[in-house]
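Quick note on the numbering used here: the sequence shown kicks off at 1 and runs consecutively.
I should point out that these hints are in silico values taken from the structure, not numbers from a laboratory.
Don't be surprised by glycine CBs; every beta carbon is placed ideally from N, CA and C.
Incorrect hints may appear among the rest.
[Claimed, not checked] Between beta-carbon pairs, the in silico distance windows are:
1. GLN34 / GLY80: 31 to 37 Å
2. GLY52 / MET2: 27 to 33 Å
3. GLU40 / ILE5: 24 to 30 Å
4. THR74 / ALA27: 35 to 41 Å
[Said to hold, decoys possible] Taking lysine-lysine pairs in the DSS-like style, the calculated list, with each CA pair at most 30 Å apart, reads:
5. LYS93 / LYS63
6. LYS54 / LYS93
7. LYS63 / LYS45
8. LYS63 / LYS92
9. LYS63 / LYS81
10. LYS54 / LYS92
11. LYS45 / LYS92
12. LYS54 / LYS81
13. LYS81 / LYS93
14. LYS62 / LYS82
15. LYS45 / LYS62
16. LYS45 / LYS93
17. LYS45 / LYS81
18. LYS82 / LYS54
19. LYS92 / LYS62
20. LYS81 / LYS62
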Amino acid sequence: DMNEIVDIEDRLTGMQLFEPGQLNLVALMRSGSQNMAMVEDFTGKGYVISEGIKIGRRGVVKKIAPNTVVIEETAQTRAGKKIITEIVMILKKEGEE
Numbered sequence: 001d002m003n004e005i006v007d008i009e010d011r012l013t014g015m016q017l018f019e020p021g022q023l024n025l026v027a028l029m030r031s032g033s034q035n036m037a038m039v040e041d042f043t044g045k046g047y048v049i050s051e052g053i054k055i056g057r058r059g060v061v062k063k064i065a066p067n068t069v070v071i072e073e074t075a076q077t078r079a080g081k082k083i084i085t086e087i088v089m090i091l092k093k094e095g096e097e
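Kindly produce the complete structure, drawing on both the sequences and the hints.
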């Protein structure tokens with residue numbers, strides 16, 4: 001199937017080991033002119049991410065805004081067509097699920 005998405009067989013490291021859906025956005029920070037965010041995995045372990053960092057198999061943190069993190073995932077089909085998907089992680093207020 002020419003529309004089947006093919007994954008490049010790279011060795012995944014760091015935040016590439018987590019798909020965006022496996023992480024919760026728990027904090028947003030700013031250091032100088034750089035925006036950063038803290039995400040938490042299912043075990044409660046926290047990680048600091050910044051714009052440009054690779055996340056999951058196909059994602060890159062595109063933008064960190066006041067209460068969201070935007071991740072852009074780029075997939076490629078067998079035919080060479082690129083499919084770009086935007087994932088938005090929203091910072092939940094204390095007590096929200």
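Quick rundown of the hints versus the structure:
no.	hint	verdict
1	GLN34 / GLY80: 31 to 37 Å	35 Å, holds
2	GLY52 / MET2: 27 to 33 Å	31 Å, holds
3	GLU40 / ILE5: 24 to 30 Å	28 Å, holds
4	THR74 / ALA27: 35 to 41 Å	27 Å, violated
5	LYS93 / LYS63	20 Å, holds
6	LYS54 / LYS93	26 Å, holds
7	LYS63 / LYS45	22 Å, holds
8	LYS63 / LYS92	17 Å, holds
9	LYS63 / LYS81	24 Å, holds
10	LYS54 / LYS92	23 Å, holds
11	LYS45 / LYS92	17 Å, holds
12	LYS54 / LYS81	21 Å, holds
13	LYS81 / LYS93	39 Å, violated
14	LYS62 / LYS82	17 Å, holds
15	LYS45 / LYS62	23 Å, holds
16	LYS45 / LYS93	19 Å, holds
17	LYS45 / LYS81	36 Å, violated
18	LYS82 / LYS54	17 Å, holds
19	LYS92 / LYS62	20 Å, holds
20	LYS81 / LYS62	21 Å, holds
The structure is inconsistent with the numbered hints 4, 13 and 17, although it conforms to all the rest.
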